[in-house]
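Novice: Given next are the chains, with one letter for each unit.
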Amino acid sequence: MDSIELTILSQLVLSGIIAGSIYGLIALGFVVIYKATKVVNFAQGEIMMLGAYFCYYLVVTHQIPFLAAFVITLVFSAVLGIVTEFLVLRPMVGEPTFSVIMITVGLGTLLRSAVGFIWGHDNLALPAPWGDTTWDMGIMAVSPAEVYTVAATLFLLGMLWAFFKYSKMGLATRATAFDQRWSFLMGINVHKVFSLAWALASVVAAVGGVFLAFMGGLEPNMGFIGMKVFPAVVLGGIESIGGAILGGLVIGLCESLAGGYLSEWFGSGVKELSAFLVLLLVLMFKPYGLFGKEEIIRV
Amino acid sequence: MPSGQFKTSYSEDIKIFQTLWAKSWLWAFLVFLVVMPLFADKYTIYMSNLVGIAVIGVLGLNILSGYTGQISLGHSAFLALGAYCLTLLTLKLNMPFWLALPLSGCFSAFCGLLLALPCLRLRGLYLAIATFAFYFIVEYVITHWDSLTNGTSGLTVPEPEIFGLAIDSDIKLYYLIMALAALSMIFAKNLFRSEAGRAFIAIRDNDIAAEVIGINITKYKILAFMTCSFYAGIAGALYAVTLSFIGPEHFTFLMTIEYLAMGLVGGIGTIAGTVFGALFITALPEAIRFLRDWLGNDFPFLVSRMADLQSSIYGLVIIVFLIFEPSGLFGIWLRLKKYWLAWPYSYNK
Chain A
2 MDSIELTILS QLVLSGIIAG SIYGLIALGF VVIYKATKVV NFAQGEIMML
52 GAYFCYYLVV THQIPFLAAF VITLVFSAVL GIVTEFLVLR PMVGEPTFSV
102 IMITVGLGTL LRSAVGFIWG HDNLALPAPW GDTTWDMGIM AVSPAEVYTV
152 AATLFLLGML WAFFKYSKMG LATRATAFDQ RWSFLMGINV HKVFSLAWAL
202 ASVVAAVGGV FLAFMGGLEP NMGFIGMKVF PAVVLGGIES IGGAILGGLV
252 IGLCESLAGG YLSEWFGSGV KELSAFLVLL LVLMFKPYGL FGKEEIIRV
Chain B
11 MPSGQFKTSY SEDIKIFQTL WAKSWLWAFL VFLVVMPLFA DKYTIYMSNL
61 VGIAVIGVLG LNILSGYTGQ ISLGHSAFLA LGAYCLTLLT LKLNMPFWLA
111 LPLSGCFSAF CGLLLALPCL RLRGLYLAIA TFAFYFIVEY VITHWDSLTN
161 GTSGLTVPEP EIFGLAIDSD IKLYYLIMAL AALSMIFAKN LFRSEAGRAF
211 IAIRDNDIAA EVIGINITKY KILAFMTCSF YAGIAGALYA VTLSFIGPEH
261 FTFLMTIEYL AMGLVGGIGT IAGTVFGALF ITALPEAIRF LRDWLGNDFP
311 FLVSRMADLQ SSIYGLVIIV FLIFEPSGLF GIWLRLKKYW LAWPYSYNK
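If you're matching them up, the sequences are chains A and B in order. Going by our numbering, 126 is the number at position 125 of the first sequence; the sequence numbering is gapless. Going by our numbering, 44 is the number at position 34 of the second sequence; the sequence numbering is gapless.
Worth double-checking, as some hints may not be accurate.
What the hints assert, rightly or not - Restraint ranges, calculated between C-beta atoms of paired labels, are given here:
hint : chain 1 : residue 1 : chain 2 : residue 2 : range
1    : A       : F185      : B       : I223      : 31 to 37 angstroms
2    : A       : N222      : B       : A192      : 49 to 55 angstroms
3    : A       : A69       : B       : T262      : 34 to 40 angstroms
4    : A       : F267      : B       : T262      : 20 to 26 angstroms
5    : A       : E265      : B       : F334      : 17 to 23 angstroms
6    : A       : T62       : B       : R345      : 44 to 50 angstroms
7    : A       : F185      : B       : I298      : 28 to 34 angstroms
8    : A       : L125      : B       : R299      : 27 to 33 angstroms
9    : B       : K102      : A       : N222      : 31 to 37 angstroms
FYI, nobody ran anything at the bench for these hints, they're computed from the structure. No residue lacks a Cβ here, since even glycine has one placed at the ideal position from N, Cα and C.
Chain A extracted, bound-state conformation (with noise of 0.2 angstroms):
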């Protein structure tokens, strides 16, 4: 292998791991809404977009540093997260997993549409505060935004951990996991936790969002971003909080590599493709995925 051949190869890999690590933070937050709630929330990837626009909409339309409007953006999700929660998830506990997934489907649809409705349908570009700086590693330049991404990535993944493990509350989402109607008789306050696990898995994928911003600019579609993570959550297990890391980045070095390699013979789609690929033959021979739990069905 010369070393042209070898810089590609691992400009492939960096450009992997690094939409591998975005994977992996919207995948997060369907893990942990998973493990507390176990609602599948396929607009996870909306409110991703969303965080994303309204970051975009201070820093841009109010001029307000990135910092301070980054921590505004972060608020405003985990309020839209628990309002969310509230208002469309809440009647819906105790209902069959169809509605609750249609349920979803619908809201997803909903925020798009508004996102859609409200900044339209151009590709918008988030300012970096860095400006156009690049960093030189050696073999390749890489911007701030890709190594902040990565960083971001294993800090969120850290706390959650953490929090999960160690914290009182982290426990009691643990417990209301495992069974919700136990909890509640322990005098776990199930519907905090509720509220509490929209709220993170909100503050996580509007990070996501911001750090994708950075990247490839703003439009509504971003959000389907939502759709192709879910790839990533079946390979590493919905329960699983480093799996969802895991498998993101099994999922975008997958999608760079087949990018790099494959579309001069199966054309440009063939990268978001793989994924998919992937992941109906790993259904097809493990229906829960790699490290999913199997689930013992009682009549």
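Assemble the complex: chain A is given as a structure, and chain B must be docked to it using the hints.
Specialist: The following block gives chain B in isolation, referenced to the frame of chain A:
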């Protein structure tokens, strides 16, 4: 139940028309459908065609999701398969329309079989994701197989002809679509009076219990997938003929959402609800357009954001119906009927 109706045998209980009244109302409705094009304008007929196509498509979705309980997020893929199959058969092979139409349904059903195989052991979330992946793959193939599908530029659908009679106007197409929609309704209605239909419902209500009492789950799940995709294929083929031009942009994920909204609004797991849902969702853009024309002078941005307004209302309708009226318009209809049957001594909780 109307008073004075006492059932003494099982066959009386599963009769489609419980009373003479129900039967005569249906006949009146059929006569109305036949006579309607004589008085209606071109646009109304075109919209009725879309409703008829939607009825066929939603019936398919209802069989799979409403009656068998298998979530599908890939419905528009099956419509696309049917539409492209019909167009290619008539365009490239010069196949007669009467043969190409059932063949495109069969092709779609075959693809349904292919999807059913990996989906047999999946449920809930995993099934939804797998069907979404299927949609993604079909969309990719249609967009990228340029030599066959002409990619994003799309294809012109040849004018259909049945035994020498060219279907060159919306009115002729109207009679074709309504006849097929009626056939689909009759088939679906009878399906759920048969063993297969009852097996579907048993799988929905509890698949493990169904397996325990001896229902072959594999067989019936595959059957449900194939019936659903056959219906969708026929609906897609008719959609292609109605539009007379098809491209990948006609079969987006939003179309799946639209069909799911129709099913949910009408009442998931009901045959008659399908018609309500298809009518409601197809008429909804008209209502929005009316609203836009009414408010458009004061709020000019409404005009340019029409598509977003429309899809946001689909989303809203799904949420509102799921929370407040899970049994859909059909449920409201049943409640009204019950209320008036016992009037003035109605009991409402």
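Novice: For every hint, state whether the structure bears it out.
Specialist: To see whether the hints hold, each was checked on the structure:
Restraint check, F185(A) to I223(B): a C-beta distance of roughly 34 angstroms satisfies the suggested window 31 to 37 angstroms. In this structure the hint that N222(A) and A192(B) lie 49 to 55 angstroms apart at CB is violated, the actual value being about 39 angstroms. With their beta carbons about 38 angstroms apart, A69(A) and T262(B) fall inside the hinted range of 34 to 40 angstroms. Between F267(A) and T262(B) the Cβ separation comes to about 22 angstroms, which falls inside the hinted range of 20 to 26 angstroms.
The beta-carbon spacing between E265(A) and F334(B), approximately 53 angstroms, falls outside the hinted interval of 17 to 23 angstroms. Taking the beta carbon of each, T62(A) and R345(B) are about 48 angstroms apart, inside 44 to 50 angstroms as hinted. Distance hint check for F185(A) and I298(B): the Cβ-Cβ separation is about 43 angstroms, which falls outside the suggested range of 28 to 34 angstroms. Separation of L125(A) from R299(B) is about 28 angstroms and conforms to the stated range, judged on CB atoms against 27 to 33 angstroms.
Checking the proposed 31 to 37 angstroms range against K102(B) and N222(A) shows it holds: the Cβ atoms sit about 33 angstroms from each other.
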